[in-house]
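Protein sequence lines correspond, in order, to chains A and B.
Residues 1 to 453 (my numbering) are what the first sequence spells out, left to right.
Residues 1001 to 1453 (my numbering) are what the second sequence spells out, left to right.
Bear in mind the hints are in silico, worked out from the structure with no lab data behind them.
What you are looking at is a predicted structure, and each value in this text was computed from that prediction instead of being measured.
Some clues are possibly wrong.
Claimed, not checked - DSS-like, lysine-lysine: derived pairs with alpha carbons at most 30 Å apart:
#1 LYS295(A) x LYS259(A)
#2 LYS24(A) x LYS1127(B)
#3 LYS1024(B) x LYS195(A)
Protein chains: 2
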Amino acid sequence: MPHEILINIFNMNTVGHQSPGLWKHPRDRSRAYRDLETWTGLARTLERGLVDGLFLADVLGVYDVYGGTPEAALRAGAQVPVNDPMLLVSAMAAVTEHLGFGVTCSLGNEQPYVLARRMSTLDHLTKGRMGWNVVTGYLDSAAKGMGQPQQLGHDRRYDQADDFMQAAYKLWEGSWQDDAVVLDLERRIFTDPGKVRRVRHSGEFYNVDAIHLCEPSPQRTPVLYQAGASGRGKKFAASNAECVFVNGPTARVVATYVKALREEAQAIGRSASDIRIFSMATVIAAETDAAAKAKLEDYRRYIDHEGTLALMSGWTGIDFSKYRLDDVLEHVQTEAMRTAIDNFTSSASDRKWTIRDIAEFGAIGGRGPVFVGSPASIADQLERWVDESGVDGFNLAYAVFPETFTDFIDVVIPELQRRGRYKTAYAPGTMRHKLFGKGPRLPSSHPAAAYRF
Amino acid sequence: MPHEILINIFNMNTVGHQSPGLWKHPRDRSRAYRDLETWTGLARTLERGLVDGLFLADVLGVYDVYGGTPEAALRAGAQVPVNDPMLLVSAMAAVTEHLGFGVTCSLGNEQPYVLARRMSTLDHLTKGRMGWNVVTGYLDSAAKGMGQPQQLGHDRRYDQADDFMQAAYKLWEGSWQDDAVVLDLERRIFTDPGKVRRVRHSGEFYNVDAIHLCEPSPQRTPVLYQAGASGRGKKFAASNAECVFVNGPTARVVATYVKALREEAQAIGRSASDIRIFSMATVIAAETDAAAKAKLEDYRRYIDHEGTLALMSGWTGIDFSKYRLDDVLEHVQTEAMRTAIDNFTSSASDRKWTIRDIAEFGAIGGRGPVFVGSPASIADQLERWVDESGVDGFNLAYAVFPETFTDFIDVVIPELQRRGRYKTAYAPGTMRHKLFGKGPRLPSSHPAAAYRF
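Put together the whole structure using the sequences plus the hints.
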C-alpha cells in the first residue's frame, strides 16, 4: 500500500512570502499578515484540510545583497516588513485541536535557556503540537541588527548550533523527571525538588547553570525541523532533525539528497524512518488543466522581478543587480552562479536562461517545482514526485494567499484521499505521534535521548 | 468630580503567583496556567469587567536565595515552574477587543533589535493594545541561566536599560515614516524606501545597524510600564514610564513615592498626568464583611510559609532560612531586614512581628494592602487609598485564581460604577488612548519623541 503523503503549509509573518509582487493580485490577502484574524482563519482552514503542520519561515534581517541596500526588497515587499512568527502560535492553537506548528527561530539571537522556555511554553499551550525549525541564519543584515559586523562563517554557525542543541537538550530532556510535579496535598508539595536537576553546560558558545524553568511539556523537545543542504548542514540535520525541509528543482535532484540524508542518519544509529522529509512545492490547481494554466498566467502578470532577484541575491550571496534582465546566463555566469542556478532550475533542461527567466521561475515556485493542473493531474504529479524522490510529503508555498492553499484543500486533497494517498482523519496524540505513529518523546535513537534525567 | 479608578489585573504564567501554597485550595485553578483555555477564559472575564489591562509579571530565574537552593520554591510551587508570558498574548487578543496587555520582559536576555520586533508584532496583532513592563531583572539565577556568573550591579542594570531604551526608541519611532507603506499598485511599490531609515546605534551595551523589521504598528512604542522604586529606578521610571506599578503597605508610604515620581517627571519636562500609577493590592470581597473575613481566614489555612519566605528572600536578598518561624523580628533584624520589612508592613504598626507573621502577611497581599469586606466596604477602602496616595488605580493580585478576580468583577465593580468611580464602557482606541485619552503615539513630551523620523 502506498504511503500517505504528508502536507505542511509554508508561510511567513510577512507579505507575499515567496512570491514578490503578487501582493498586487486582486485576490491576494497576504497584506493582512498583521491581523490576527488572518492567522486564526488560516489555522481553521488548514485543520479543515487535515493538514499536518503550518511551517512558518522567518528571517531576522532584510535582503540587502541586491545592490548592497534593502531598497529593492522594500519596494517589492519582498519579505520585508516581517513580523515575529512565534507570537502567532497561541491564537492559532486556540482555534484548532490537531494542526501542528513548525516555527523558525534562528539560534543567533537567542540563549538556549530562554529559547528552551519559549518552546516548552508553546508545547504546553498547544498540548504537544509544537515544532521548531532550527536555523543558523544566512543574512549579515541580521547580525548587524544585533551589533555584530557580520554573521559567523557557514561552518562555524553549525558549530554554534551543535553547542546550542546540546544545551537545549539538557534543559528539555535532562532537568525534570516526568513525575517531578507531585501535587501532594497532604505533604504540601507541588514539585519534588529531588526530581529536578540543575543543568550545567559549559560549551564554546553557550554556558548554562540553571534548572529548566518549565515543568515537563507533552513532547519535551519540540519536533525538530531543519533544512541543512550543505555538507555540514546535512550532517547537522542527520544528527538532529526529525523533519527536513528540502528544496530541489527535480525529483532526481531531491532523491540524491534524500538518500544521502537517510544514510547519514543511519550511520549514527538513527532509523531512516526517524526522519520525515518535505519537498518544497507550489501547487496551482483548478477544475481543469487549462483553467489551472490560465490561473498561473494570470498570477505571473504580477511578478516583481527586482524583488525576486533581491530574495535570490540574499539566498545565494550573488548580487543580481549587476546584470540586466535580458542577459543570458551563460554569458554572465560564474561558478558560484552556476551552483546557485542549479538550485532554481532543472539541470536536465537545455534551454537558455536569462536573468528574467530565473526571476520568473523564482517568483512562483522559489527553489521547488510548480505543479499545475486539474486535481487528477496534480495528484499524479505529487505521487510521482514522492515515489521518485523518496520524500514523505510536501511543504506547500503559496502564490496568492490564501487562494493557493484553499484551492489545494478544496480540490486536490479529496483527490488524494480517493487514491488512498491522504489521511481521512487526524491521528490522535501529539505532533510527534501524528508524524511518526509514536511519541510523545523523542525516540531513544535520537542523540538527545542521551541527556535524559 | 472624582476620577475613575483604573484597574489592572496582575498575573504570571505560573502557579500561585503571589500566594505560595494556595494552589492547594479546592477552588484554586492557577495550576491550569499551562492550558490556553485558562488564559482565553481569563481575558474574556476581564473584558466583561471592563478591566483596563492584564499585567503579566515574569522572572527568568528561580528563587534560590532562601537556603542557597531552589528547593523551597520548588516544593511550594513559588513562581516555579514559570512559563513565558509573551506567548499568551495573541490567544487572549483573539477573544477580546479592548483589554490591554502589559507584559514583563527583562532587558537582560534580549537584544533591542529582536525585542522591538516582538513588541511591534504584538502591537499589530492586538491592534494597539500592547504594553511592555520594562524590568532589569533581580535574580542572579537568571544570569546564571544565560552563562554569566551573576547579574550586573543594580545601578549598572539601569545604565544598561537606558542604553536599551534608546536603541528601542530609535527602532520604533525613528525607522519608518507613518506613510512609508504606500501600496502603490500603478508604480508597483509596496514600501517607499525613501521613507525607511537605517538605525545606527552605538551604545555602551548595545549596537544596532539595521532598519526596524516591522512597518509602523498602531502605537509604535508599546505602552511602557515600569516599577522602579530605588532612586535610580525612580529616575528611570520618571524618564520612560507611562504606567508605574508601585508596592507599598500604606497609602502614606505610597503617597510619598507618587509625589516624588511625578515631580521628577515634571523636572524633565513631562506632565504629572503623563504617568498613570497603579498600587498593588489584593481584594477579598464577599456579600458581607463577615463573609469576606471568613473567606480570608479560609484562604490563610493554605499558606506555605517556607515558599513565601523563598519569594521574600529573592525580592530582598535576605536569606530567611536562617531564622525560625517564631523568631521575633527585633531579635533577628539587621538594618537590611528592617528596610525590607518596611516594604511589607505598615511602619505605623507597633505590634511585634515574628518571621511567621511576615510570611503570612506576604502570602496574601505581598508588598501591598489587603482590602477585605463587602462591596461597599471595599469601595470605601479603594477610594480612600486612591485619594490619600494620589495613585490612578490598582494592580490587583489574586489569592485564589480566578475567584479573587471574578469576585472583584462581579461585586466590587458594580459598586464602584454606582459611585461614579469606574467606567461603564471602554473608551475607543488603542491602549494608550484608553489610559490617557489621547494617542496612539507617545506624547511629544516623552523623551522617545526625540528619536522620531
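Verification of the supplied hints:
A threshold of 30 Å between alpha carbons decides the hint, and for LYS295(A) with LYS259(A) the separation of about 35 Å lies outside it, so the pair is violated. Note on LYS24(A) and LYS1127(B): the hinted pairing holds, with a Cα-Cα distance of about 24 Å set against a maximum of 30 Å. Between LYS1024(B) and LYS195(A), the direct Cα distance comes to roughly 20 Å. Compliance with the 30 Å bound is thereby established for this hinted pair.
Violated hint: 1 only; the structure is consistent with all others.
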